[in-house]
Amino acid sequence: MKKVKFRHSTTRLLILSAIFLFSFSDLAFSQEGDVAADQAEPQEEAAAAPGSDLGDPVNGKSLFNSLCAACHKPFSKAIGPALHKVTDKYSRDWLNTWIRNSSAMIASGDAQAIAIYEEYNKVAMPAFPALTDSEIGDILAYVEQPKPEPPVAAGSGVAAGETGAGVGGVSNNVILAILAFILLMLLLILFLVNKTLRKFAVASGVELPAKKERGTPIWKAFVQNQFLVLVTSVIVLLAAGYFVYGFFMQVGIDQGYQPIQPIHYSHRIHAGENQIECKFCHSSARVSKHSGIPSLNVCMNCHVSIGEVAAETATEEYSKEFYDNEIAKLYDAVGWDPESQSYTGETKPVKWVRIHNLPDFAYFNHSQHVSVAQIECQTCHGPIEEMEIVYQDAPLTMGWCINCHRETNVKMEGNEYYEKIHEELSNKYGVEELTAAQLGGLECAKCHY
Amino acid sequence: MSSNKKYWKSVEELKEKSSIVETLQQKEFIEDIPTDEFLGDKESLSGTSTTRRDFLKYVGFSTAAASLAACEGPVIKSIPYVVQPERIVPGVADFYATTIADGFDFASVLVKTREGRPIKIENNASATVKAGVNARVHASVLSMYDSQRVKRPMMDGQNVSWDNFDQQIMNSLKSVQGEIVLLTQTFASPSTTKVINEFSANFGNVRHVVYDTVSEDAALTAFEAKYGFRALPNYDFSKAEVIVSVGADFLGDWQGGGYDAGYAKTRIPKNGKMSRHIQFESNMSLTGANADKRVPVTPSQQRAVLASLYGYIVGGSSSSNLSGKIDDAVVKTATQLRESGGKGVVVSGLPDLDAQTLVLEINEALGSQVMDTANPRMTRQGNATAVTKLVEDMQNGSIGAILIAGVNPAYSLPNSKEFAKALKDIEVSVAFSMKEDETAKLCKFVAATPHYLESWGDVQFNKNNFSLMQPTIRPLFDTRQFQECLLKWNGSDTSYYEYIKETWSSLGTNEWNTALHDGVFEGTAPALGAAVTSEFVASPIDTSTAVRNLSVDSEGKGLQLSLYTKISMGDGQQANNPWLQEMPDPLTRASWDNYLTISQEDADSFELINENVANGALNGSYVNLKMDDVTLENVPVFIQPGQAKGSVGLALGYGKKEGIKEEMQVGVNAYPLYKDFKSVQNVSLEKVAGMHEFACVQLHNTLMGRGDIIKETTLEIFNTKDVRVWNKVPEVSLNHIETPVTSPEVDLWESFDRSIGHHFNLSIDLNACTGCGACVIACHSENNVPVVGKTEVRKSRDMHWLRIDRYYSSEDTFTGDIDKKEDMSGLGDSLSQFAELELAADNPQVVFQPVMCQHCNHAPCETVCPVAATVHGRQGQNQMVYNRCVGTRYCGNNCPYKVRRFNWFNYAKNDEFDYHMNNDLGRMVLNPDVTVRSRGVMEKCSMCMQITQKTILDAKRDGRAIEDGEFHTACSAACDKGAMHFGDVNDKEAKIVQLKENKRMYHLLEYVGTKPNVMYQTKVRNTSEA
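Those sequence lines, one after another, are chains A and B.
With this note's numbering applied, the first sequence has no gaps in its numbers, which climb one by one up to 449 at the end.
With this note's numbering applied, the second sequence has no gaps in its numbers, which climb one by one up to 11026 at the end.
Source of the hints: derived by calculation from the structure; they are not laboratory data.
These numbers were taken from a predicted model, which means no experiment stands behind them.
Be careful, since some hints might not be right.
Straight-line Cα separation of at most 27 Å, DSS-like style, residue types lysine-lysine; simulated pairs [said to hold, decoys possible]:
{"id": "1", "chain 1": "B", "residue 1": "Lys10444", "chain 2": "B", "residue 2": "Lys10174"}
{"id": "2", "chain 1": "A", "residue 1": "Lys420", "chain 2": "B", "residue 2": "Lys10991"}
{"id": "3", "chain 1": "A", "residue 1": "Lys279", "chain 2": "A", "residue 2": "Lys199"}
{"id": "4", "chain 1": "A", "residue 1": "Lys420", "chain 2": "B", "residue 2": "Lys10909"}
{"id": "5", "chain 1": "B", "residue 1": "Lys10463", "chain 2": "B", "residue 2": "Lys10417"}
{"id": "6", "chain 1": "A", "residue 1": "Lys329", "chain 2": "B", "residue 2": "Lys10077"}
{"id": "7", "chain 1": "B", "residue 1": "Lys10273", "chain 2": "B", "residue 2": "Lys10996"}
{"id": "8", "chain 1": "A", "residue 1": "Lys279", "chain 2": "A", "residue 2": "Lys351"}
{"id": "9", "chain 1": "A", "residue 1": "Lys420", "chain 2": "B", "residue 2": "Lys10444"}
{"id": "10", "chain 1": "B", "residue 1": "Lys10950", "chain 2": "A", "residue 2": "Lys411"}
{"id": "11", "chain 1": "A", "residue 1": "Lys348", "chain 2": "B", "residue 2": "Lys10151"}
{"id": "12", "chain 1": "B", "residue 1": "Lys11011", "chain 2": "B", "residue 2": "Lys10991"}
{"id": "13", "chain 1": "A", "residue 1": "Lys351", "chain 2": "B", "residue 2": "Lys10077"}
{"id": "14", "chain 1": "A", "residue 1": "Lys428", "chain 2": "B", "residue 2": "Lys10988"}
{"id": "15", "chain 1": "A", "residue 1": "Lys147", "chain 2": "A", "residue 2": "Lys61"}
{"id": "16", "chain 1": "B", "residue 1": "Lys10950", "chain 2": "A", "residue 2": "Lys279"}
{"id": "17", "chain 1": "A", "residue 1": "Lys428", "chain 2": "B", "residue 2": "Lys10488"}
{"id": "18", "chain 1": "A", "residue 1": "Lys348", "chain 2": "B", "residue 2": "Lys10077"}
{"id": "19", "chain 1": "B", "residue 1": "Lys10501", "chain 2": "B", "residue 2": "Lys10488"}
{"id": "20", "chain 1": "A", "residue 1": "Lys351", "chain 2": "B", "residue 2": "Lys10909"}
The following block holds chain B by itself, in its conformation from the complex (with noise of 0.2 Å):
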């Protein structure tokens, strides 16, 4: 069943005879070595002075210059500390769990260090809040590395002593005309509230105001009309059993993220049962990609839906103004929340007062225990009234002085020119920034605040869930926090490391440093003095108002576009992140870019095309994007499958220009169209001339196309059917009897005794699997994986050792595919009927694999190699020996999952690649134990060989045998889902041996018999409808 559905990576393959498609399956390198270029052109070719002989004797004396130039070695000089910290073992890792609170992340981490400079972040299994640790987490230890940080405090451009600093702004705020105000992120810290309670007392005249980059202004105000209490509510997925979201990416960064693992719990078939998720979305997310059911709607729309999934549950309705199909769809998803009882929940990402009232009325109609609202979320507590009251008052001059922190408004505020304006006429502008960002530019005062990972800190989490900072290296710079800078200024002599403490003076010394040890710890807020008064107090919303406001049909003129955040780039903070950037897109599989998603019907309807060129490489048309009187030129198109008609998607965070390298100032502003803080806006297109070069992924490393690797079903199927039926092992005819490909009998090798020592597999569940990416950036981190830049990927140059491979598939059932498929006569009419199934997935279906090395036993990549530089290993690991590979490529050629990358560059120190390998600060992330590869050699996963061995040497060290459990990979300790598990197959209790014999196991390309030690786990869907 599963072999029978056909899955495409992009709409090129659907097309009749595409040639790229052909090139791309026949060639795992594409591009020829550019003799031609050279050898081509014989006139040059003549032209020139160098004959073949006077070559060779080049050749050979630079051979012989190289290697006498070789017989002396380099003198490596070794510095000792002078007295050697305690804790501190040169060789030896320590941990530290701290917290990444930066406005838009928050998460308990633990972090990796070597001899004193944090080198990687991982989850921190002991927080109780097990959230958030996503792709963008795992990177940030790489931004604090960034050469383009301030560095010192600054005066009107000019580098000053932090005395002098104080005392200039000592004195400004004291003689200051008009209000003083702080501009802040959301810290969600006691202590620091407590800090500006203390810094308002004593200057008088202060406001603060909170500034949610990317707003969750509705959801707030809805949840404090209702339960007067600015915050969010927290809803634990791990007890739900219907899911159905309205616009809410909650798998990516909606209301702070973090809701995926909980989520993929009840994702995984167990007795029979997993939950059903039901999405109802304009832009083709993250979440919409793993729903059961996913329906296409515009935003507008969405409105509709959510009004009338509120009439049939909680108002009684029997009817809604929706069309026929998606009435349906609503009438049965409202059946099935009636039936789920409290294990179903509703969650919704429309930027509407509203809607989010109805969210929270629906589900304390069903009575969700899914959603808790007593210990609700508070990592967001923006307020987009006061911004916008704050940008009026700074045009109308009654702000005297401005601090701004952790926020870049100059940037990314819609009205950011208004801002900027305003910002220069402010007598005192103080900009606390860690880049000399848009903002920092305009201030009179930058000063230079330190990394999270430089920094002291508490954050509550949730309303009785809280977490500490804690540095983990001395700073970098002349930095000093924004907190510690209000204690100065507020006269107090007293360290914030001091300040945190005394605010949490309840805890006690024990407890104190039992939840600094674990990072995380529960209790309740400290009082925090007197607040700053708020002027905005939300009042009650009468549902019937709301349900009527939603009903009414807002569709307005021209194209609904909804602005989103990429699990890669978020709100744009870590745009100088060069992982981030070359991190693809989950859905997309662009990378270094954001884009105009866009409907397959809409963009014929303006002429816009995507096409691939001959190498892969994807085009796309370029638009003009006009919003009243704001206009975006030339932002690329992207043809997205799924897209809601009628909707376009642009992506937030990028398009930033100051504090950032050239090479990553890439893509467009879309912060300008972002119009009073909401995610939906009416907007025109115009096609522009010109073609966008996308680095886009989706096309590389094509399995010659043997494009069956997926194996899906349906929990129907599943509960019902044999495993014979849908998870059926390839069989082949050994005297004329089906035989299984992996009985002995049938294999051309003779297998090696891995039934002694340790034998490492590595599961893959593409039931748990959301896509997310936190893997890949931890692979990243761990492997030293060098960034290649936007032109190199391009060329399918990208040196992902980990990549997530995205397939669709069309119908919306699995009978449509294969009635289809068996119809089908010849190629040629196949491949008609393939461009038929494009034209009918509007709305494909979506599954998420990632593919690292299968490290086969029967590996094809070790027959081939000329010099025995790849090679197995008795534990199971496919062996890369760096040293011994002389760059034939064909390992690369010969490996049917297309895992091998290319070496064509040095990466490190080299100006071409000007990223963090290329300067000396970018390369102290660099993990000590893994060689950092040079120009010509092959490299691929390793499955974590250091960490498997540093496992083994800890327990001989201690004279114990390993417990299951143990063992992991960087990628399987990234992955808080649970979706990839990594153990020792010969140890009879490891839960990996329970995996390889589940039922849903299966092995890519089975037929081929490679017999890989990377299993995956059949993805089932949940179709059943009410």
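Extracted from the complex, chain A is given alone in its bound form (with noise of 0.2 Å):
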């Protein structure tokens, strides 16, 4: 698991003193995967550049991802074959008739159409009557191009950073010890040359300045000062009671809990990228007490054809091999066999790490709050959509909880529940707009039962 964020007052200075040392390893890695960025980027203008006899892959690339990419892949097998060098295998009239109805082409009893019907387990390809033969030919060219070389730089880019990474962490380390390693050196060789000077200084009888005669030493002098002893006590005990309190305060609350989950899922691509709906996966929210963790069915649902990122996924510090790894350990867990595009019925349930951890005598329920007041899961859960991997953004104590009663408008309008008692309650605070600690949100048992 991952360290604590904020937990630890006392560990607060040793990570300061982390970042402040690590800063410049970023800084040298991250211009590193710019570079890599920038190289990536003319490799593939310059593959799609050149055109084709079989038309225009450009828009062949654009016609593929709207109609073709949920089923098929260019080099890889998905729920349809894979679709380069499909033109060797069939002819231009046949793949164009296949496209355009491929169930008449079967039940008219084409042997090729069949023989690929069964193969990917008897599921029809839907009918694309209104493409025309140059759209088609456009489609082909794209997925003809050949497949793209790792792009070199980038590939580099990307290992380097990596590397680089891990070097920096390593170097960084190696540094710090080596310089330290020479201070103390520095310090040795200091104190053998002193000695070895006053050596010689007796030796040759150099009268050495005799250590000059000091008052009192400061600290007795500090000592004998009642009043700045009281004052520092003082001081000191304040200091250490503020330390204390700090320190009691936080204990229990894991604001910033970043554990590191069995599957690396990363909320940034699902919810920031390709921006799914919250409670499109997490679909308990509107009804139940419980967000629900969904279920692995629920991820199916989509990852059924996505078998792996796009290049453009990938970050500095997770290569795309990295997150199609991460796929294929939710296949593992939902018994998903890519290859024969089936189930195999053996599944191993993942074992989720908990975040947010309310104590059993708290009662939360996410459907008042989501359905009923309509707040946003970003209102308590922070930037979610923006999390590699998720922390815990709130404190979760129940000052937060209790502040937000306070200040939270209850929306009312259009929900009949609420005529009765907004028309008496306005009448007697005279106000138009309620908070939920006016309705009763501040009662004790309204969360401990």
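Mind docking these for me? Both chains are given alone in their own frames, and the hints should help you get the complex.
Below, the structure is given as structure tokens:
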């Protein structure tokens, strides 16, 4: 598990100093990463540029992405076969007919058509009668493009980034150690030189300046000055009290808790880049007290056809291979065999580490906040769409809950339940808007029973 | 008037200068913290090496260590489904209708499941047969999570696979010499009958014997003789105006029970009318306690009462050979019955064919609309003669194989020893059992069966009322139900589910789905194939012979014992259920025990005593109980007010030794006395040495001497007098003017505005409450109330949030009481007079009063809490915040109703309290919405905050106003008698508003000025004699 971000105030100093040291290396390899990304782009442009006798691959790419990508990939099997080199296997006319209406072709008894239909678990391909010959040509031109070589510069860039990170981590320590060693050696040398010089001095009879007899040492003076002692001890006591209080007040508060999960699921990719609505997966938040960790069949709604991430999803920190490996973990857990495109029935439920833990004596209901109050998930969970690894954003203390209940107005418009009470309470308090607290949202047993 | 009557909970309170009662009145917590044991012993104290300084060091160190340990939170794993079932949303409860049919309890229920596990049983509101969801049924969900269950099939004590098991059994059944016998409970299931018929056709030479542990054989035979159909007459007490019961505990388990809901309807005075209920009985039963007039008579006298009742009503005779007082009662009863026309009914619990025949005859003669013989009850089918014959045949070796399902004859047969001996010699013996009980231990094969919540089934309640049983959880263990096994051994591949659907193919898919959803449906029994022939056919009975037989003096020697079943334990199937063990008996208020109930007079003559020890706990003498050659040793004695002289009572269902946890092996087994399946026997007593320690709560939680919390009146006064006469609000003098305590001027408190939002009130009708205790178990189940065990209950540490107080009052008439009380002068005199009342109270009147937290608007507990752990909510609920409580117990001390409970220990995950909360299986029953309290905090009724909040949230989410009837608590939902009603008094249309304005309404200890949100409806008794 990763270290909790803000858990120990005593460790803050160490963390701060570490950050200070690490920030240099950080800068170093983030620049490298940028360079890599810059280099990758022209590569792709270059690959897309040359035309083909089949059609326009650029238009083909957009058509492919909108029509075909749900089931097909150019270079690997998905629900349907890989499409690269498809023009070698089938004639152009055959392909035109097949794409426009595959089921008719199967019904007509075409041997090739039936063979491919049988091979892919008798899943019929939807018909695309509206595609013109040239559009089909464009798509074929796109899929027949040679597999782009792993962009050398970009690849090395990522690799460099990765190793850079690794080296950075190690080298920093090494540098520190070396520096410390040198410092130690310097001190030693200084001491030795001093000693030797003294020896020489004594030997050569040079009178060393005698230590000056000073007055009372400063600490004695300090001890004798009772006022100073009093002030200092008061300050020390107050400071100690402050830190002890601070220490005790953060006991049990896990703000910043960011455990490593068994599958590296990135909310940044799903909720951020792909803008999937939170409740699309956490559907029970609408009706239940639990937001619910989505069951794996929910993941498979999409991931049945998304077996790997796009190259541009990869970041300096996490490579495409890393993400693809995480999807493979999902397949392993849910028992999906990407080769045969079928479920094996062998499942391994995922043991997620729970991040937001309320004590057992506190009752919290998601649907109350999500459905009735229409509060954004981010209000409590923080910028979830930016989190690569989810951490606990809010302190989840009672004071934090109460504060929100005091400040937040209840959404009453259009909810028949509130009609009567709104009328009565707004008369009583003389306000139009009512906070949760005014409706009794501060009562103990609303959350503790 | 009401406050003039003297109420008492225990005879102890009637004794002169009882120091125990004094102590109990003064102290909420009777036992001091036992510091003396430690500090009082100077020697050991000075001998220890721990000095005060060391002690402080330890304390300091452990505090520091504890706070440091708290820094690092535990890593909590969360595992979602791989494929989430469509219907299940974590955190949202699902409800399924199903049916309990364990041979003793039959009821259509609603099961609340969370994340796929059943956690609570509720009334099925759409059930057409609204009957019998009693305390045992409510508790049955816990019996599923019983750690003592048989987890897989066994052969000769070894675990085997089902395939192996099937193979072995089929081979042995095919080659067996002699008859194959199926000894089963009453299944009342058409599909089961069909399977059994097929089984017998398949194997040939099969006999099916139905055995009811507690037999209704006499009533069944009498009905069969008269109507040619083996069933029990059905009674609709809601139509009754005059109810006469001769020894029938029809509010308890008589003839399958479940009659209390109909009965309660007639008990609430409506338009100045309510039913009149007259009870002739020997034991003080739940039914007798609710009667308007109760005549204590021995069983032999009951026979005579029935005979003369028949004489007066049908036979036209004008005299009987009963003693004067009883005869007078019978004459008046007969007159009232005649006057009631078709609205009268007579029922009897006498285990006697003649008596049951006469009951049918009397009701016929009255033209009773209450008794329904056209749609009779099918939930008892047992045949005592057949069982007796079976044991004889087993002994003479003509039985080759026996398959025992749903019953435990080695425990429950009167001649269980002979049965056990014969069972060992039978070639093939198979027990279908959930437990390794007495019978299963003796059988070669043990087929592990599922609980009813894991099974499929169909049940025929009445001739035309059916119900379906469906699983609410995947079987917890490797179990297979009886019917499924028979199907397999018949060589069929269909599952029992398919089989039931086939039986009911007449229903069609839509009707089937509706029936499964509702749980119940009406129809006619389908054809079930050729039945196994019954050799026993009842022949018609001559009524005049019956009358003559009954009139014969059958008193016999010694005392007349009536065996009965407790509302908590029933026939003893669920003896391993800690909720039921800890539920106090409604009358004796004793838990964890059965005992011989005896009248004071008989106890005196045998020199038997009950005494309360210093902390209020009850002790009682032991006796040996002898019947012919059977002796029950060391039976504790409980002196029961109202027990008929010359009679004693003993509950069945206790004293189990096998397949049950050691803690729950309590009581004595009374089945050996159940000779010939007759619940009435002649016995003799012999006092033996020693005292039994009861766990009796009747003296617990006394209200500091403020006993006058019952208000009752008679129907006559209720109808004719002003409300101020019989339900007067207490008054105080304000500026020399008598002012009702409820008026704001005399209030010490500033009252809050409670007119906005919801304001919950609970109304409890003392007339409709029969004291059955279903609410108590429902409360346990909903609120995770812990079980504390016998020794702790004895120390007044029971955790029941809801208790049902039982009050006795002495005189037959009100005037008698009042005169006596008003004549008293001074304390000494009054105490001796009270003692007189006791003697006069051979037959006390009884009132049941459920008491939970009264949710006072001016709550005394709230003001004394130093940490504000108990505060008031705007919705009227007095809130208890466990995480804030530091356990000073000031609140408990200051509560005038004594409804707060203190957690003396951790009751969960504690080996000292080895009940359901100490194992993973048992903890599955816990309600995830309610905190499991830890040691050192107070707890009490929350008015089911979690339910009211849920109701509100649902409405908010749907964006609609809440309708009346949507709000409920666990207790109000469990009360099928309608005695408890919960609602929002700020909803002007709500029924609770009418109840609040009802003339009968009063609050407990109104003069204390606590302004409770729980109200009571004055008890009205119909004392009108003919």
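Review point. Any of the earlier hints contradicted here, and which numbers?
Key: 3, 4, 5, 9 and 17
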